[in-house]
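Chains as they are written, first to last, in this note's numbering: chain S, 159 to 518; chain D, 159 to 518; chain H, 159 to 518; chain V, 159 to 518.
By construction, these hints were calculated from the structure, which means they are not laboratory data. Keep in mind that this is a model prediction, so the values were computed, not measured. Among the clues, some could well be false.
Since the list gives no way to pick out one identical chain from another, each pair is judged satisfied if it fits inside one copy or across any two copies.
Listed below are the simulated BS3-like cross-link pairs for lysine-lysine, each with C-alpha atoms no more than 30 Å apart in a straight line [stated by the list, open to error]:
(1) Lys481 / Lys434
(2) Lys192 / Lys332
(3) Lys216 / Lys242
(4) Lys242 / Lys210
(5) Lys430 / Lys473
(6) Lys220 / Lys242
(7) Lys349 / Lys206
(8) Lys430 / Lys272
(9) Lys305 / Lys429
Protein chains: 4
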Amino acid sequence: MKNTFGMALTVTLFGESHGPAIGAVIDGIAPGIKIDEEYIEAKMNLRKPYGKISTPRKESDKVEFISGVFNGYTTGSPLCLIIKNENTKSCHYDEMSHIARPSHADLTAFYKYKGYEDYRGGGHFSGRITAALVAAGAIVMKAMEEKGIYIGTHIKNCCGINDRDFNDLEEDIKMLGHKTFPVMDDEAASKMMGAIEAVAAEGDSVGGVLETSVIGFPAGVGEPWFDTVESMLSHGIFSIPAVKGIEFGAGFEFANMRGSQANDPFRYEGKKIVTKTNNNGGINGGITNGMPIQFRTVIKPTPSIFKAQETVDFKNQEDTILKLQGRHDPAIIHRARVVVDAVTALVLADLLTARFGTVF
Amino acid sequence: MKNTFGMALTVTLFGESHGPAIGAVIDGIAPGIKIDEEYIEAKMNLRKPYGKISTPRKESDKVEFISGVFNGYTTGSPLCLIIKNENTKSCHYDEMSHIARPSHADLTAFYKYKGYEDYRGGGHFSGRITAALVAAGAIVMKAMEEKGIYIGTHIKNCCGINDRDFNDLEEDIKMLGHKTFPVMDDEAASKMMGAIEAVAAEGDSVGGVLETSVIGFPAGVGEPWFDTVESMLSHGIFSIPAVKGIEFGAGFEFANMRGSQANDPFRYEGKKIVTKTNNNGGINGGITNGMPIQFRTVIKPTPSIFKAQETVDFKNQEDTILKLQGRHDPAIIHRARVVVDAVTALVLADLLTARFGTVF
Amino acid sequence: MKNTFGMALTVTLFGESHGPAIGAVIDGIAPGIKIDEEYIEAKMNLRKPYGKISTPRKESDKVEFISGVFNGYTTGSPLCLIIKNENTKSCHYDEMSHIARPSHADLTAFYKYKGYEDYRGGGHFSGRITAALVAAGAIVMKAMEEKGIYIGTHIKNCCGINDRDFNDLEEDIKMLGHKTFPVMDDEAASKMMGAIEAVAAEGDSVGGVLETSVIGFPAGVGEPWFDTVESMLSHGIFSIPAVKGIEFGAGFEFANMRGSQANDPFRYEGKKIVTKTNNNGGINGGITNGMPIQFRTVIKPTPSIFKAQETVDFKNQEDTILKLQGRHDPAIIHRARVVVDAVTALVLADLLTARFGTVF
Amino acid sequence: MKNTFGMALTVTLFGESHGPAIGAVIDGIAPGIKIDEEYIEAKMNLRKPYGKISTPRKESDKVEFISGVFNGYTTGSPLCLIIKNENTKSCHYDEMSHIARPSHADLTAFYKYKGYEDYRGGGHFSGRITAALVAAGAIVMKAMEEKGIYIGTHIKNCCGINDRDFNDLEEDIKMLGHKTFPVMDDEAASKMMGAIEAVAAEGDSVGGVLETSVIGFPAGVGEPWFDTVESMLSHGIFSIPAVKGIEFGAGFEFANMRGSQANDPFRYEGKKIVTKTNNNGGINGGITNGMPIQFRTVIKPTPSIFKAQETVDFKNQEDTILKLQGRHDPAIIHRARVVVDAVTALVLADLLTARFGTVF
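With the rest of the complex left out, here is chain S (with noise of 0.2 Å):
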């Protein structure tokens, strides 16, 4: 289904970097929800440009509704958005269009669409595309969090800096929400953002490990084979840009571990079942057990540094150095944090769909 993703409620993303807009189509949302405008500018918000460790590219990043939206609500119809793109500088982009940028999607996309697509600021390929992302990911967290299911992801790691762990996993959540770099330990935090302006002095750039957490969320929904939770949200996780690595609980560290130490005990609190441990990030069998779903995601180091650097020009057919110029963000791991909030929430709404109705 391509640009498309979901069963039962799908979302479905259009629109290039430097055309008059992006946008999304979500379609299987239920009629009745309320399109609450400030706080999707407020999630909007979080996936700006920040501070002196982002690009100074500028958007309002107005969200617009064409359809699907009526009296404030929902209608239960396909529902159009689209954010126009205003700041776009394109007069030096047809020089540059057949140097491939290392990293970038410049080389893979003149491969797939033979020279047709539109490479002014990376077209469908750019990171702007995930604004239209963050607007149809805002509209279903919040519809979520109306029935106590919330979404948290903080930065892990960056620049060899680690944030605290989650500790009152509700709290921490919440508190996220309104963090604009979202780092629970604000010394962690000051250290990092340092980080990054050091590696921005020297025209380079750095990634770093999210992670995410989910509670609230329903026992019993996924499914044992090829549509699991750990699958699902992997494949929604992994369209975003920069993505190159998802583990679930204790993922990669499960290799260090013995059986012993990696099952989740289960016992019973009052009338619910809980485990001792969550190594298996809330997941068994693909299925949710109702525990936490916990899961870290690796962002690389942006492509876009200042240093040179070895390419190619593919229409000469030749090699050639490649200096960079203009606006680039230094890392982008703080703005992606959004990003996988609404994917994840995307995701989610699409299972509970899928299980249980038109509920979203």
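For this one, chain S is given, so just place chains D, H and V on it according to the hints.
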């Protein structure tokens, strides 16, 4: 689509561990693909219990074709294969059916299927179902090899012992295709087997990390959003029981790199564009770039251990202690290898079919 | 999705007329649905050859459950059923395989599958595959009846003879469920059978029109665009071999009506809104309005006739004359009836599942 | 998949009659297809109100490309087009919103969307949404014409007046592409228009039958089960508001034929196999046979009439009388023609893409 994977070439899994048979339906496969029964059997054998480090349950795992094969070739109509279950001791399952085995799907199955699930031997969640995946994948793997696309997986790490890195990829992949214990360095192989035996002697279990490489896959395949190559592969791979993490190229190591180290410089090698490093695992912007596709998968320790475990009896609603009996694998990583190969083949074949039409 | 139908409750068909077995996989069905084998067998019997007006090929058509059924109930995991092929005389098929039977799929199968198709007895195109559809549909029909949803189909017209109109829908539908020759007016039934026998005596064949009614189906189901109830039903129904037209409510008769005659006036009947007429067949704007769903399906004359026919030999690339031998139905409309019922049940169950979650 | 159609080349519709805009997203289209704005505008004009026999509502129907088009060619990424709504008088809709217009979707929309639907002018159910379908279809039709595939539809019958039959298909289809009132026989055209005006004068409305022919489409496309060419076309066509029946080839007339009359004899015409008759409308066993694809579609009389109608007020829960005011079409069959063409193009392009890969 629940227990079906694929857009264009789809595979549907069915069956329970102790039912009459398990199987798969492949649809969208091209007519005229030779069914090489010897090749399929060889792949099936790689999934079978091995030496002292596996369960003594033995099945002949004979693949029977119910449809879609005529005179030794695929017809192009849906191919249904089944594998009969032979060795199914199910006498003592009833008393166990309400004791949740930690890290297994017993409890989540009960949540989802409300007591109607076939609980014998894990039912539809059993690792046994992967036999059908291997059979389906073997058909496709063979067809891909005819087109020069080879897939190979080795145990990168188990019990703290590392295999050597891939070296000559083509040679290594072909060698791995014949190894029953998929470790390239024979000394490392012996150590790992010894370590697994020691763990087994303690009634415990281990996991590990698998590393997969694909060569010969064409550039320009995949989608920018949602159906990226990483998304599709991870969607498939996370269906495999015990998989809890996946990383492409440098993966989680990207968190410790800078852009200037992480980016893969392009250069011409004759007429062909290659990269000097392959940190992106052959995928840029979700689309293949012609370099080998590379990823690692973490397998958690087998949940079935002989040590006593705390858990719940969800019928009598009380905490209890579980002491497993019977036959269980102390490690399944070496058997999981060919399942990863098979799923990789099915996912990549689906991407090729979506892009180029009915070619497989 | 090729040989699979459905968004939420899917059915995949496999098998060839002269292979070992045919079958179906149903996925997305709820756990806990009772498998009423007697009911299923009764429906299978309605599809069997009947009296003098059918082929003498007899099959026991025993439905075997490979997966998804445990202790007599659906488990909720994929349900695979197979029906073995017993009566397969295939000795003289080879010489025939390159003579295209007019109005059959021999030639189009050759175009599509390039000579790899299983040509024996029509292969995967054979009407025999509908036995698996009936078995799958019967499971769902029974579950729908438990919820008060009943489906009934009669022969509206055959050989120029008309059955009476539906009168008391509930009574008529239940009566039809037990009729082996599905005509409500016994005199019309006798005449039709006589007329079919006369056609058979000439070595010729006939078709006719089936009329279907569904009662008890909830209002508010279906989608405005693409997945309208008419779209979904017609998609399913046109899979049945020999179906060449479908019309809902007044259907083609609308061309001779004015808006003032065609519109169905609404009125309250107690608290419930009904329509005075049902020209729209229970569907407005693609969505059910709570009135009976009604449609008619035209079945073309069985293509296999004993009269000599002009055709081509596509191997020797020459015109030729075909003189069929063997066993063939002079009419299949009475046997197609339960296939229409089954497909209707599967399509409606899918719509219900998409709307309300895993309910079937 | 709700408001999306297609396996490989998908189209998603969004928008409401009185919202800011309507539109469509096409995904899976090949890069490098020329956007012929003149051609698209010509097709859009065919859908516009025509002469005295249409509503006086006028819209400029300018198609704007939001994404997927660059330098006048498709890029291969999702193509989003929108058409702004200009002429939206919505002042008197509120008082009307709870009076169910007979044969319209007001009541079923209320059932489905629970009062959150945008009821103004039919909202998402409005025939206006077909403008987006035509725009999307026109892009594909043009691309198909470049490959020699032509689609043409005429009014076969309206007000009891028949157009002449197709004669020279290629010539007729091309001629129809330029006719604003799609009737091949000019005398029949005048009579029909006169008859429609007479009906309009009475405040009533009419429907009719459209007949479609497709030439140049390759043989061997379609699936044996579920995704037959008839299934796919009917699925698409029944999305068009007011369509209540479809028949392929001889269609319902098959009920009056014998096998010996109905079967289409094959014969060689040079190297090509053709049929003497085309009763099967170019489709055998669900797969194209290389002959023209032919089908007829019945359009019910426009539900909006000026005559008083009995209906219900579903807010006040009482019977009432509806007397429509405003602008309404006494017939839409001539405008529906290009919508049928567009949907046919989209469905056939999807089938081609599924079979041959990204060709459109």
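These are the hints, each one checked on the structure:
1. Lys481 / Lys434: Answer is between; shortest inter-copy Cα gap is 18 Å, intra-copy 53 Å.
2. Lys192 / Lys332: Within one copy only: 20 Å inside, 45 Å across.
3. Lys216 / Lys242: For Lys216 and Lys242, both the intra-copy (12 Å) and inter-copy (28 Å) Cα distances are at most 30 Å.
4. Lys242 / Lys210: For Lys242 and Lys210, the Cα distance is within 30 Å only inside one copy (25 Å; across copies 40 Å).
5. Lys430 / Lys473: between (63 Å within a copy, 13 Å between copies)
6. Lys220 / Lys242: both (7 Å within a copy, 19 Å between copies)
7. Lys349 / Lys206: within (21 Å within a copy, 51 Å between copies)
8. Lys430 / Lys272: Result: close only across copies, 16 Å inter versus 57 Å intra.
9. Lys305 / Lys429: Close inside one copy (21 Å), not across copies (32 Å); limit 30 Å.
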